[in-house]
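K.L.:
Protein chains in written order, with our numbering: chain W, 1 to 303; chain R, 1 to 303.
If you are wondering where the hints come from, they were derived from the structure by calculation, not from laboratory data. Just to be clear, a hint being listed does not mean it is correct.
Unchecked claim - Taking lysine-lysine and the BS3-like style, the derived pairs with C-alpha atoms no more than 25 Å apart in a straight line are:
#	chain 1	residue 1	chain 2	residue 2
1	W	Lys-225	R	Lys-161
2	W	Lys-161	W	Lys-108
3	R	Lys-78	R	Lys-56
4	W	Lys-28	W	Lys-56
5	R	Lys-225	W	Lys-161
6	R	Lys-28	R	Lys-56
Each chain is listed here by its residues.
Protein chains: 2
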Amino acid sequence: MSSISDRQPGRSGHLVIIGGAEDREGAKVILSRFIELAGGPSAKIVVLTAASTAQKELWEIYERAFRDLGARDYSHLKISNREQASDPRHADRILNADGVFMTGGDQKRLCAVIGGTLIDSAMHRIFRERGACIAGTSAGASAMSEHMLATSTADDLLPEKGETSVSAGLGFLQRAVIDQHFSQRRRLGRLLEIVAQNPYLLGVGIDEDTALVVENRAGFEVIGKGTVTLLDGRQMTSNFLEVEQSQRLELINVKLHLLPAGGRYFLHGGARSQVPAALQEAIAAVTSVSTVAAPEYSAPEKA
Amino acid sequence: MSSISDRQPGRSGHLVIIGGAEDREGAKVILSRFIELAGGPSAKIVVLTAASTAQKELWEIYERAFRDLGARDYSHLKISNREQASDPRHADRILNADGVFMTGGDQKRLCAVIGGTLIDSAMHRIFRERGACIAGTSAGASAMSEHMLATSTADDLLPEKGETSVSAGLGFLQRAVIDQHFSQRRRLGRLLEIVAQNPYLLGVGIDEDTALVVENRAGFEVIGKGTVTLLDGRQMTSNFLEVEQSQRLELINVKLHLLPAGGRYFLHGGARSQVPAALQEAIAAVTSVSTVAAPEYSAPEKA
């Protein structure tokens with residue numbers, strides 16, 4: 001694995017966390033922002049389709065979208081198993097990238113294939129050391145948190161104990177859990193259950209064609225068409241430990257924030273300098289990404 | 001209008017606020033509680049169907065249910081216009097009742113027909129002066145608040161400005177707005193818009209086959225099958241005054257409480273003596289019913 005490119009040292013990294021179904025045909029506001037944050041038309045973009053079993057088809061969609069947006073250096077990294085994900089030649093492509101885009105599919109597949117591999121490590125390194133832009137949509141968005149919403153049988157606004165479970169994600173966000181297609185698939189109940197289980201994790205529900213653009217330790221912006229829903233259970237009281245499986249949960253004092261596209265929430269200065277106190281902790285939870293202990297596997301010696 | 005019966009002086013009144021579709025065939029937990037709170041099998045029950053245009057059909061449903069539950073003195077008060085609602089003979093029947101049950105239909109119709117009439121006044125008098133039980137389901141539940149959710153085009157979890165409006169209700173609850181069929185019809189968005197418009201009003205969303213049993217100035221209980229959702233916007237920040245019609249609302253710091261059936265929330269003592277602080281104000285908002293300034297129209301002299 002070659003050393004990291006130092007073309008843009010010290011630039012602050014961004015995460016673009018997309019709720020799925022982002023516009024790929026029209027103005028492509030979200031994909032356009034991703035390219036801009038990666039460095040513009042000449043940025044090296046790698047599309048990672050490992051969450052899906054239809055990798056070729058997904059690549060074709062993004063190939064067309066990125067071409068339409070004037071990007072000049074984008075390529076597909078097709079990874080189907082952990083052996084490929086641990087191949088230093090593949091990791092090198094990530095290490096040289098300015099932006100990595102993780103498509104949808106199944107977040108459990110994505111993490112099973114790349115979690116803890118050289119690919120994973122390389123993404124963390126370019127994000128932290130060189131300020132690359134890491135984007136994920138749908139399953140690719142869910143996978144960005146350390147504790148990842150893995151499975152759920154919930155189909156309601158109301159959480160029931162035992163419907164929803166987490167597993168290990170890629171760890172870009174340490175103190176938040178991402179959910180996607182949020183309003184469209186009415187996922188409030190399942191995200192509330194995650195918060196009931198883990199009141200120290202912020203629930204982040206992102207609508208379709210909507211993205212949270214996170215600037216490390218500074219703040220975030222909501223772009224696209226929908227809303228980002230934050231569920232803050234840190235001062236919540238619940239009966240989670242007392243009730244049986246499948247019982248409805250009692251949750252008292254969950255703070256709910258609805259942040260529609262167009263909002264900018266930065267802790268210090270910026271376009272919106274006065275953030276309500278109740279939101280400041282939530283912003284800190286979403287943006288405390290640089291302390292992530294990335295899985296720093298050593299690259300094998302090159303032959 | 002005759003003087004109020006004093007059979008049960010000083011008994012504390014109850015409101016039974018039902019989210020619609022309560023069980024009328026099986027164990028009938030909610031209807032059974034209504035009869036119990038009205039005084040048991042010998043209580044005088046009046047069924048008010050004025051919210052509906054199918055008054056006879058609704059009466060037949062409740063006639064059968066109350067008979068099955070062993071009630072012995074129940075009758076139908078069919079009111080179709082304000083003239084009937086202002087007839088002292090009809091008001092007398094309310095004044096002599098121990099329990100009044102308002103069926104579903106359309107809450108705007110209900111209030112247009114009985115709001116401010118002798119019937120309305122009589123219901124408030126027996127509730128306040130003699131501790132009668134006043135129940136309402138669906139439209140009959142919505143009508144119980146002073147500010148009543150009247151119309152909405154919202155069909156989503158996310159509130160947009162201008163989708164939802166209030167009008168004048170019957171005023172049993174002064175500091176809360178009731179919504180019904182809450183989870184089943186996914187009405188979070190419309191209740192959030194009401195709270196955005198009126199942060200001093202508590203949003204109360206009641207599920208189907210679920211009831212909030214309110215004891216005046218003391219506390220409440222959730223019975224039935226579902227959950228009661230409370231939305232407390234008193235410390236909320238929103239962009240309601242700044243955005244155009246149909247724009248998505250930004251809401252920061254709405255307190256969300258989910259209270260499933262089985263929960264008892266009383267401010268002083270009772271089965272659950274320690275209520276979390278964050279819920280105490282909400283309980284006060286729901287239970288401050290006795291200060292209601294009922295429309296005390298004078299009855300016309302009898303001929």
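K.L.:
For every hint, state whether the structure bears it out.
P.N.:
Results for each hint:
Using a Cα cut-off of 25 Å, the hinted pair Lys-225(W) and Lys-161(R) holds, with the two alpha carbons roughly 16 Å apart. At roughly 21 Å between alpha-carbon atoms, Lys-161(W) and Lys-108(W) fall within 25 Å of each other, so this suggested pair holds. Distance restraint check for Lys-78(R) and Lys-56(R): the Cα-Cα separation of roughly 8 Å lies within the 25 Å cut-off, and the hinted pair is therefore satisfied. Straight-line distance between C-alpha atoms of Lys-28(W) and Lys-56(W) comes to about 21 Å, which keeps the hinted pair within the 25 Å bound.
The suggested pairing of Lys-225(R) with Lys-161(W) holds, with an alpha-carbon distance near 16 Å, which does not exceed 25 Å. At roughly 21 Å between alpha-carbon atoms, Lys-28(R) and Lys-56(R) fall within 25 Å of each other, so this suggested pair holds.
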